[in-house]
Amino acid sequence: MTSTLQKVLLGGCLALGLGLTAPAGAEELRIGFIAPTTGIFAQVGKDMVDGFQLYLDEHGGKLGGADVKFIVEDDQGKPDTGVTKAKKLILQDKVQMFIGGLLASSGYALAPVSTAEKTLYISSVAAADDLTQRQLSKYPYFIRTSWSSSQPHHALGQWACDQGYKKVVSIAADYAFGYEVQGGFQKAFEDCGGKVIQKIWPPLGTKDFGPYIPTIKADADAIFSLMVGPMALQFPKQLRGAGIKKPILGGGTSYDEFALPFMGDEVVGDVSALHYSAAIDTPKNQAFVKAYRTKYGKVPSYYSENNYTTAQWIDEAMKKAGGKWPGPEAFIKHMASIKLDTPRGPVSMDDMRNPIENIYIKKVEKKQLFGYEKAELWNTVIKTYPNVSQFWTYGKEKFLAQPVYDRDFPPCKFCE
Amino acid sequence: MASQQIKILMVAIALVAFVFIVPQSGSFVILLATRAMAFGILAMSVDLLLGYTGMSSMGQAAYFGVGAYLTAVLATKFHFGMGWDFWLVVVLGILIGAGLAALFGLFAVRAGGVYFLMITLALGQCVWGLAYRWNSLTGGDNGINLSGRPNFGLDLGNEVIFFYLVFGFFAVSMLMMYVLVRSPFGQSLAGIRERELRMQILGYNTWLHKYIAFIIAGGFGGLAGVLWAHTNGHVSPETVVLTTSVDALLMVVLGGAGTLIGATIGTAIVFGLREYLSTLVPWWQYALGGVYVLTILYLPMGLMGIPSRLRQRFAQGKNEDSKKLATKPS
Amino acid sequence: MNTQFWVVQAFNGVSYGALLFLVGSGLSLIFGVMRIVNLSHGSYFLLGGYVALSVIHATGSWALSLPLAAIAIAALGIVMERLFLRSEGFEVVRTLVIALGLAILFTLAFQKWQPHIVGSKSEFAIVAAIATVVIYFLLNRISIVPIEADVLRQVLLTVGFAFLFQQAALDIWGGNNMDINPPPAFTRSIVVGGTYLPLYRVFMIAMAIAIGIVLWLVMEKTRMGAAVRATVDDAQMARGVGIDTNRISMFIFALGAFLAALGGVIGGAFLGIYPGLDFEMLPLAFAVVIIGGMGSLGGAAIGALAVGLADNFGKALFPEISYFTLYAPMVLILAIKPTGLFGRE
Numbered sequence: 001m002t003s004t005l006q007k008v009l010l011g012g013c014l015a016l017g018l019g020l021t022a023p024a025g026a027e028e029l030r031i032g033f034i035a036p037t038t039g040i041f042a043q044v045g046k047d048m049v050d051g052f053q054l055y056l057d058e059h060g061g062k063l064g065g066a067d068v069k070f071i072v073e074d075d076q077g078k079p080d081t082g083v084t085k086a087k088k089l090i091l092q093d094k095v096q097m098f099i100g101g102l103l104a105s106s107g108y109a110l111a112p113v114s115t116a117e118k119t120l121y122i123s124s125v126a127a128a129d130d131l132t133q134r135q136l137s138k139y140p141y142f143i144r145t146s147w148s149s150s151q152p153h154h155a156l157g158q159w160a161c162d163q164g165y166k167k168v169v170s171i172a173a174d175y176a177f178g179y180e181v182q183g184g185f186q187k188a189f190e191d192c193g194g195k196v197i198q199k200i201w202p203p204l205g206t207k208d209f210g211p212y213i214p215t216i217k218a219d220a221d222a223i224f225s226l227m228v229g230p231m232a233l234q235f236p237k238q239l240r241g242a243g244i245k246k247p248i249l250g251g252g253t254s255y256d257e258f259a260l261p262f263m264g265d266e267v268v269g270d271v272s273a274l275h276y277s278a279a280i281d282t283p284k285n286q287a288f289v290k291a292y293r294t295k296y297g298k299v300p301s302y303y304s305e306n307n308y309t310t311a312q313w314i315d316e317a318m319k320k321a322g323g324k325w326p327g328p329e330a331f332i333k334h335m336a337s338i339k340l341d342t343p344r345g346p347v348s349m350d351d352m353r354n355p356i357e358n359i360y361i362k363k364v365e366k367k368q369l370f371g372y373e374k375a376e377l378w379n380t381v382i383k384t385y386p387n388v389s390q391f392w393t394y395g396k397e398k399f400l401a402q403p404v405y406d407r408d409f410p411p412c413k414f415c416e
Numbered sequence: 001m002a003s004q005q006i007k008i009l010m011v012a013i014a015l016v017a018f019v020f021i022v023p024q025s026g027s028f029v030i031l032l033a034t035r036a037m038a039f040g041i042l043a044m045s046v047d048l049l050l051g052y053t054g055m056s057s058m059g060q061a062a063y064f065g066v067g068a069y070l071t072a073v074l075a076t077k078f079h080f081g082m083g084w085d086f087w088l089v090v091v092l093g094i095l096i097g098a099g100l101a102a103l104f105g106l107f108a109v110r111a112g113g114v115y116f117l118m119i120t121l122a123l124g125q126c127v128w129g130l131a132y133r134w135n136s137l138t139g140g141d142n143g144i145n146l147s148g149r150p151n152f153g154l155d156l157g158n159e160v161i162f163f164y165l166v167f168g169f170f171a172v173s174m175l176m177m178y179v180l181v182r183s184p185f186g187q188s189l190a191g192i193r194e195r196e197l198r199m200q201i202l203g204y205n206t207w208l209h210k211y212i213a214f215i216i217a218g219g220f221g222g223l224a225g226v227l228w229a230h231t232n233g234h235v236s237p238e239t240v241v242l243t244t245s246v247d248a249l250l251m252v253v254l255g256g257a258g259t260l261i262g263a264t265i266g267t268a269i270v271f272g273l274r275e276y277l278s279t280l281v282p283w284w285q286y287a288l289g290g291v292y293v294l295t296i297l298y299l300p301m302g303l304m305g306i307p308s309r310l311r312q313r314f315a316q317g318k319n320e321d322s323k324k325l326a327t328k329p330s
Numbered sequence: 001m002n003t004q005f006w007v008v009q010a011f012n013g014v015s016y017g018a019l020l021f022l023v024g025s026g027l028s029l030i031f032g033v034m035r036i037v038n039l040s041h042g043s044y045f046l047l048g049g050y051v052a053l054s055v056i057h058a059t060g061s062w063a064l065s066l067p068l069a070a071i072a073i074a075a076l077g078i079v080m081e082r083l084f085l086r087s088e089g090f091e092v093v094r095t096l097v098i099a100l101g102l103a104i105l106f107t108l109a110f111q112k113w114q115p116h117i118v119g120s121k122s123e124f125a126i127v128a129a130i131a132t133v134v135i136y137f138l139l140n141r142i143s144i145v146p147i148e149a150d151v152l153r154q155v156l157l158t159v160g161f162a163f164l165f166q167q168a169a170l171d172i173w174g175g176n177n178m179d180i181n182p183p184p185a186f187t188r189s190i191v192v193g194g195t196y197l198p199l200y201r202v203f204m205i206a207m208a209i210a211i212g213i214v215l216w217l218v219m220e221k222t223r224m225g226a227a228v229r230a231t232v233d234d235a236q237m238a239r240g241v242g243i244d245t246n247r248i249s250m251f252i253f254a255l256g257a258f259l260a261a262l263g264g265v266i267g268g269a270f271l272g273i274y275p276g277l278d279f280e281m282l283p284l285a286f287a288v289v290i291i292g293g294m295g296s297l298g299g300a301a302i303g304a305l306a307v308g309l310a311d312n313f314g315k316a317l318f319p320e321i322s323y324f325t326l327y328a329p330m331v332l333i334l335a336i337k338p339t340g341l342f343g344r345e
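Residue numbers (this note's numbering), protein chains in the order written: chain V, 1 to 416; chain S, 1 to 330; chain Y, 1 to 345.
Incorrect hints may appear among the rest.
Stated by the list, open to error - Here are the simulated DSBU-like cross-link-like pairs (lysine-lysine), alpha carbons at most 35 angstroms apart as the crow flies: (1) V:K295 / Y:K112; (2) V:K295 / V:K339; (3) S:K77 / V:K396; (4) V:K62 / Y:K121.
As the list claims (entries may be wrong) - Selected chain Y positions facing chain V (in silico; Cβ < 7 angstroms): (5) V8; (6) N12; (7) L170; (8) Y196; (9) K315; (10) A316.
Quick caveat, the hints were computed from the structure, so don't treat them as lab data. Cβ atoms here follow ideal geometry from the backbone N, Cα and C, with glycine treated the same way.
Construct the complete structure from the given sequences, taking the supplied hints into account.
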C-alpha cells in the first residue's frame, strides 16, 4: 500500500516530463499499419491487425531476420484521416513501408501518398480494380497482396455458366466495389453464353430488401448477389422469407467468414466465390485457422488471412534481401519474384503487382470441421480455379483496353 | 475600445508566432496545422452564422463538399487549376459555395431555431446523397484522386509552401470575416440575433440580412473545400457526411461562438485529439466526447468564455464573502 | 408491374413504416414536451438491440428480451435526462459521474505514460479513486450553467452522448454485424392469393398498431396524458395550472427511450444489429417527425407511414435517386410548413 502510494507520487512528478522515448538504432524494420480501430469498422480493422500480428508472434517479432517495429494507426474509416496517418508514419516514425487501408476509397487515397513520399505501400485488403490496372503507372511504390474486386467473380461467372444456368438476375450494392464485382461476373458469364436479364442496384447499406425482392424476374434460373457488411445477413433471410427458392450465387463478401457465423441455417447451400475460405482443407490452412481461433476466439476472415499472408510475403522478401532493407524499388522486385505457400494456397505476383492466386467456388454447409465439436456453417470449397490472374483468360492487353467495370459496363444487353 | 485593440494585437502576435514556429517542427505537424487551418475556415463560416446571426447550421459540409468536388473534378476531368488557373478555381469554389447557399437559403433562412437546424441537415444530406450516387461525376464511394498540387512557379507540392498558402487564405478569411462582423451590416446581424422583431419594426429587412449572411458563409465554405481537396489530394463522400457538419458546429461551440478566434481554437483542439492523440492512445474518442460534454455543461461560451467566467466567479466569491460577513452575528 | 407487385410493395412499405413509427413517435413526444432535439435517439435504438442480444444470449428467450431491453434503455434515458438535460437536482450524482469519467481518462493517460506505476488492476483502481475524489472537489467549485433554455447546447450534448454511446457499444459488444433471430414461428410466410407475406412483417405491423392504440389511450384518456398534452401545447401555462412538468419530462423521455429500444429489438431481426446503425436510423426518425410534425402522435403515425411508403416505392420505382426521394420531400415540407404537417406552433 505504501509502495503504491510512493509510486503514485513519484509518477506524478515523472508525468510532468512525459512522452520522451529514445529510438533505438539496431537493424530494425519499421512497418506502419493503417486500419480502422475505432468507429463502425473497428472489428474489421481488428481482424486485419490480428492477422498480421499472429504471423509476427509466430516468428518472434522478426521478419526476414530484422526486428520489426509494428506501428498501428487508426484511420477511423475515413480516407483523409488515413492520408494524415500515413504521412505521420512516414515523416515521424520513418517507416519503410505502410500497409492496410480497408475501404476502396482509402486505397485510392493512400496510393498517391506512396508516390509523393517515395515509400512502399502494400494494399492488404482494398480491392479496387484500377489500382493495379489502368492507374498502376501512377503508383510505382504500390503493390497489392490481396485481390482485385472482379478477380474471383470472373471465375464465378464461368462456373455458373458451366452449371447450366442460362438466365441470371443480379442484385448488387450500388457503389464502385459492387460494379466491379458484378461486372466481372457478368462479363465471364455472358462470354460463355449466359444472360444477365436484370440488374438491381440497392444502395450500399440497404437492409430492408422489401422494395427489391418483388421486382426480381420470375424466369431467372439463379440470383447473383453482392452484399457488404450488415446487408449480407439480411438479404438471404428476406429472400427466402418471400418464398423465392432460386439458387443464390454470391459475390465474395456476401458469405465471407466475417458474416457467416452470424447467419441462419437458411443460407446452407448458397454458393459464393473468393480467394480464401476458412474451410480450405490443407494442413497449412488448418494450422492457421486453429492458431487464429485459439488466440482471438473467432474463425479468421479473409481480412485476417490477407494480412497474415502479407506478413509472410514481407518475411520472405526480407530474407531474399539478406535481412537488410533494400529500398522500396528493390523490395517490390523481391516481392514480385516470390512464390509463396500460404493458408489460401499458392500465390505469386503478376507484372501489374496484383496476386495470381486460386479462386475458390464455395458452398455453405453446416458441419464439423478441423475437429471442432460444434456443427457450424463453413464455406466448403466445391471447385478450385488454380492460379487465376486479375485478367482472367482475356490476356492483359485485351482486358486493359476495355473500360473499368461500371454500373453500365458491361451493358445489360438482355434486360428488356 | 482599448481592450479590443489589445485583443487584436494578441491574435496578430499569435498568428505571427504560429507561422514562424510551425514550419520549424516536423512535417507531420505542418500537415496537421495545414489541415486544421483549411477546416478552420469552414468552422469560422459556421461561427459567422451561429455566433453573429444566431443560425445553427447542420449542413455546412454541403458548401465545403461542392468546393472540394469542384476542385477535384476540374483537375481530373479538365486538367484545370493545376497552374496559374488555380486562382480561378479558388474564385469558382467561392462562387459555387455561395451559389449553392443562395439556392438553399431560399428554403432555409425563413425557418428559425430548431427548424433551421433540421432543414439545413436535410439539405446537407441531399448533397451527400448526390456525391455518393452520382457515380459518373463524383466517382461514388471511390472518390476522386487529385494528381498532385498546383504548380505556378511556386510548387504547392512542397508542404511548407502549401502551409504558407493555406495560412494566407486562413488569415485573410479571418480578417475579412472580422471586418464584416464589425461593419454596420454585421452590427445589424447582431441586432437580428438579439431581437429580430424589433429590427423588423425598425424597418430592417431581416430576411435579406440573414440570407446574405448565409450566402457569405457558403462562399467561405466553398473556399475551405477547395483548400481541403488539395490538402488531402483526395475527395470522397466522407467529406460531405453529416458528421463533418456536426464537427464544425461542435468546434465553434467548443471554442466559443461569436468570437471567430474561438472557432479556430476549437478546430485546433478537435484535430489535435482526433489526429494526434489517436496516434498515441486507443481511447481518444472518450476524451473527445468528454471534452464536448464538459464544455457544453460548464462553458456555454466555450473556451473563450473562460476569462469572463473567472471574473464572474471572483465577483461572486467576493459577494458571498461580504454576505457572510454581513450576516455573521458579531 | 401487376397488382401483386403493388400489393407487396405497399405491404412492405407499411411494415417498414410500422418500425419507423416506434422510433419516430418517441422522438416526436420528447420534442413536443421538452423542445429537445434528441440526437442520441438512434443510439437508444441500437443499444436496445444490443441489450436484447445479451438477454437472448443469457436466457435464450426472445420474448423476454423485448421488455427487458426496452426497460433497460428507458432507465438509461431517465439517467441521462435527470443528470444532464436539466440542471437542478442530482448535482452530487452528476458531479460524481463526471468526476469518475474524467478520473478514468486521467488514469488511463497516467498508465500510458507511466506504465510501471499503474500496472495492475488494483493500482489502477486506487489511482482512479484518488483522482475521482480530487476532481470531484475541483468540479464542485464550479457549477454547470443551466441548459434548459438553450436548444443548441441540448442538441450538441445529445450528439456528444451519441458519440460516447457508439464507442462504448463497440467496446462492450464488439464490432461484428449481428442479427436477432426471433422464434422460428415468426420466420415463416403466409400465402395470401399467391403472394408471400413474411409473418414477421405482419407481426411488426400488429405490434405498432397495438402500441399506437395504447399510447393514444394513455394520451387521451388518462390524467397523465392530459398533463402531457397540456405541456406540449404550452409548458408555461401547464406549470401555471399546477402540472408538474418536471415529472412529465422525465416520463416522456423514458417513454421515448423505451419505444426506440423496443424498435431496436423488433427491427434488429430485420435490419441486423451493428455499429453505425444508430446514425443510420437517426435521419429516418427525423424524416418521420419532420413530415408528421413535432409533438403529435397522430402526425408521427402518418409521417411513419409516409416515409415507409415513399422509401419503398421510391427505391422500387426510381432506384437512381433513392436518397433524394427521402430528403427532398423533407426539405419541401419544412420550407412550406416548418412545423411539419400536423405540428402546432
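Okay, the hints, checked on the actual structure:
1. Proximity of K295 (chain V) to K112 (chain Y) is assessed by CA-CA distance (about 24 angstroms); at most 35 angstroms being required, the pair is judged to hold.
2. About 28 angstroms separates the Cα atoms of K295 (chain V) and K339 (chain V), which keeps this hinted pair within 35 angstroms; it holds.
3. Between K77 (chain S) and K396 (chain V) the CA atoms are separated by roughly 26 angstroms; this keeps the pair inside 35 angstroms, and the hint holds.
4. For the suggested pair K62 (chain V) and K121 (chain Y), the alpha carbons sit about 31 angstroms apart, so the restraint of at most 35 angstroms is met.
5. Interface restraint check: V8 (chain Y) against chain V, minimum CB-CB distance 4 angstroms, threshold 7 angstroms, status holds.
6. Annotation: N12 (chain Y) was flagged as interfacial toward chain V, and the flag holds, the nearest CB pair being 3 angstroms apart, inside 7 angstroms.
7. Because the smallest distance between the Cβ of L170 (chain Y) and any Cβ of chain V comes to about 5 angstroms, under 7 angstroms, the interface hint for this residue holds.
8. For Y196 (chain Y), the shortest C-beta to C-beta distance to chain V is roughly 3 angstroms, which falls under 7 angstroms, so the interface hint holds.
9. The beta carbon of K315 (chain Y) is positioned within 7 angstroms of a beta carbon in chain V (closest approach about 4 angstroms), and the interface hint is therefore held.
10. Contact between A316 (chain Y) and chain V, as hinted, is supported at the beta carbon level, the nearest pair being about 4 angstroms apart and thus within 7 angstroms.
Violated hints for the displayed structure: none, as all numbered hints are satisfied.
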